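Engineer: Let chain C serve as the given structure and place chain S on it in line with the hints.
As a plain string of letters, each chain reads:
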Amino acid sequence: MEKRVVFQSKWLPYALVAPQIAVTIVFFFWPAAQAVYWSFLVQDPFGLSTTFVWFQNYAELFRNQHYLDSFRITAIFSTAVAVSGIVISLLLAVMADHVLRGALAYKTLLIWPYAVAPAIAGILWAFIFAPSIGIATYVLKRYGVDWNWIVNGDQAMLLIVIAATWKQISYNFLFFLAGLQSIPRSLLEAAAIDGATPLRRFWTVVFPLLSPVTFYLLVINIVYAFFGTFGVVDATTQGGPAADTQILVYKVYHDGVKAADLGGSAAQSVILMIIVIALTVVQFRFVEKKVQY
Amino acid sequence: MVENRPWFDFLAHAILVLGVVLVAFPLYVTFVASTLTFEEIVNVPMPLVPGDQLMANYTQVITAGSNKGSSAPVGTMLFNSLVMALGVAIGKIAISILSAFAIVYFRFPLRNFFFWMIFVTLMLPVEVRIIPTFKVVSDLGMINSYVGLTLPLIASATATFLFRQFFLTVPDELAEAARMDGAGPLRFFWDVVLPLSKTSIAALFVIQFIYGWNQYLWPLLITTDESMYTAVIGIKRMIVTGDALTEWNLVMATAMLALLPPALVVVLMQRWFVKGLVETEK
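Here the protein sequences line up with chains C and S, keeping their order.
Counted the way the numbering used here counts, the first sequence spans residues 393 to 685.
Counted the way the numbering used here counts, the second sequence spans residues 24 to 305.
Hints listed in this document are in silico derivations from the structure and should not be mistaken for laboratory results.
The model shown is predicted, which means the values in this text are computed figures rather than measured ones.
By construction, the Cβ of each residue, glycine as well, lies at the ideal position given by its N, Cα and C atoms.
In silico EDC-like cross-links for lysine to aspartate or glutamate, where the CA-CA straight-line distance does not exceed 20 Å:
(1) K395/C / E196/S
(2) K395/C / D214/S
(3) K91/S / E249/S
(4) K221/S / E302/S
(5) K650/C / D636/C
(6) K650/C / D248/S
(7) K395/C / E199/S
(8) K158/S / D653/C
(9) K91/S / E63/S
(10) K395/C / D195/S
(11) K91/S / D248/S
(12) K499/C / E302/S
(13) K158/S / D248/S
(14) K499/C / D32/S
(15) K91/S / E62/S
(16) K298/S / D489/C
Ranges between beta-carbon positions, derived for each pair:
(17) S578/C / F142/S: 34 to 40 Å
(18) A79/S / S603/C: 52 to 58 Å
(19) I669/C / A225/S: 28 to 34 Å
This is chain S alone, in the form it adopts within the complex:
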């Protein structure tokens, strides 16, 4: 900038630091609570420095859950969350890239109709069709199964749009050259389109992994068996009525375990994350 205003620089840093601290405060309290004993937490005010129960609390929840609430081991839940997140992310990318390829590289009757069908799913989030969707899934016998957890969520208008936009920017010469060399559409898809789409796939994967991991209403409805709980559902089941009875040290250890994997994905894959976020929403 053409001017120098030291007080403004200082103010900017001060506001940012305050923002970072406020944003991080709940995470810090959660971490501290997950290293304390139950007695230390209920003895108000709880200490704000970590205790020595880190190993004990995490080992307990991973292998045996909580004592007073749900006793399902969090290890199993984390595995279920991982299966769900990977299933949703890979499923969405796979079926969207195929339909976008068909819509961009072929002319066929009903092409626009299919495109609009996919578009309209944007307007039908799970929350507005809870009970009928649950009924369909239960009629299909998919309650308490990984298929039931993932399949109903994998239609994706945003992913299809993103791939469609990207394919439209791929030079026509590539398809022409492929055709002249005698490559069919599938060959072209596999050898040219897919390698070119790597960046878009990585960006979408980050966004959809987080989306799948953080699902709440859907697993809440279709998992009645403790062994099928995802981590996010499992925490809720550990909280018993009355906040002095809940074993907050164990709940908070579970919360840390449930939020770390997606948070690490965001921080470590920041570049793809930002790209995916900004592009899928266009």
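Chain C on its own, in the form it takes in the complex:
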């Protein structure tokens, strides 16, 4: 879509886009180009000289068991966060759409976690599940569960999944609720008159109509789990125990900032960039066409 009426000026449009373009070049494109360039370099242990090594950093990454493990961990983590977040918020949204009384109050009480920083969400849950003093730990112990995420990798994973999902529920909930409210009442009433039970109406009418929203949220939640959860991990497990919760984003940070492996970290950054680009393309192709139903 284009405007018919436009203004004429030789210099003004450039001046107007200049601030945004300057920021994108200096802080986005230049660093991204650097990351690509560094990913082809190897630095000697003292940081004195660098050698151009083509794809050696990449080849090493894919031979490195820790990196492959990190891929597997990220896949488990993002699937768990996306699926549990979507299921819980869909359930809540369907119920909130159904009730007449108190709908606004429920909505207000469910959306505020969106405002909590991922790192703080991590700390809140880490405190509840703290191995020696946590209130949930205390309850679990009484039921004979030995809970200590500091040493148990599966429990550490469960902790970051809970914290990351908790923070994301409000976002999913709002999108599902908006989707539900745009479904024509007449469709549901027609189905009800035909004798369809609420459950049957959900599966045959509501859920298919929500498929575009669900698909959109699936992509957004995966992006969130990949990149938005750095704070959750850093504030709780820091990738541990061993490297059981070291998701890809955390490994880039760990290898680059803490272990100072410039080339390896840059190569990981480039691989992550390719993943974001793929996810963004999927998301925008969907927005253009919408899912068919």
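Structural biologist: What follows is chain S alone, placed relative to chain C:
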């Protein structure tokens, strides 16, 4: 609905109440912990009713930080968070509204190229270019400064899209009338476009304020000086290894202080928040 199923209404309320309770539980525990003494918390299980240390804990963290972890006062951190959140929100809105105006209301060479440049920033989150961006900022001497905290984050594809979409819905007659009356583009922008965009600006402001306030990785990298910590970073620095040593009462008071401002923004500006969230993601 055409039917009446009381058991289903009851079930719906029951599930919603359970959901609300589960969502609010961590916040409640945090609040209770922030009103207790250190001894009450480490004496398992901690009580689930508020204690009497509310004033003492909050006064201590705001003015003096924690005893065993970082001793930077949280008052300063909250101020830093506020500067960062406002800087990011206002900066993003300002530069995005200007570039969207140029892209919609002018025809000029490279117009599409600039639009795509802005679009591509969506695919380059801080997390994937951590170290090179840090290097650029440190070469520019922006470490431990408000400029360093905000400027690198203010490019915004989503805000630019939102304004572009909105400008495309503004009737052409307005621009025509303005031109006939002899108003230049800047005059038109200031007197017509900006007042019309108030709703979009408010919606974006809420989303971007929260985004700025909750930044973690970026301030973690570029603030090495305690006096520049934001609240979210400050909490992390108060936690010392071993959960029986951390002064959880103080950490939790800080957590409450760090999450209240953005949570209040969401609850009080709910209408703008929902609008901003749903529209920026389109």
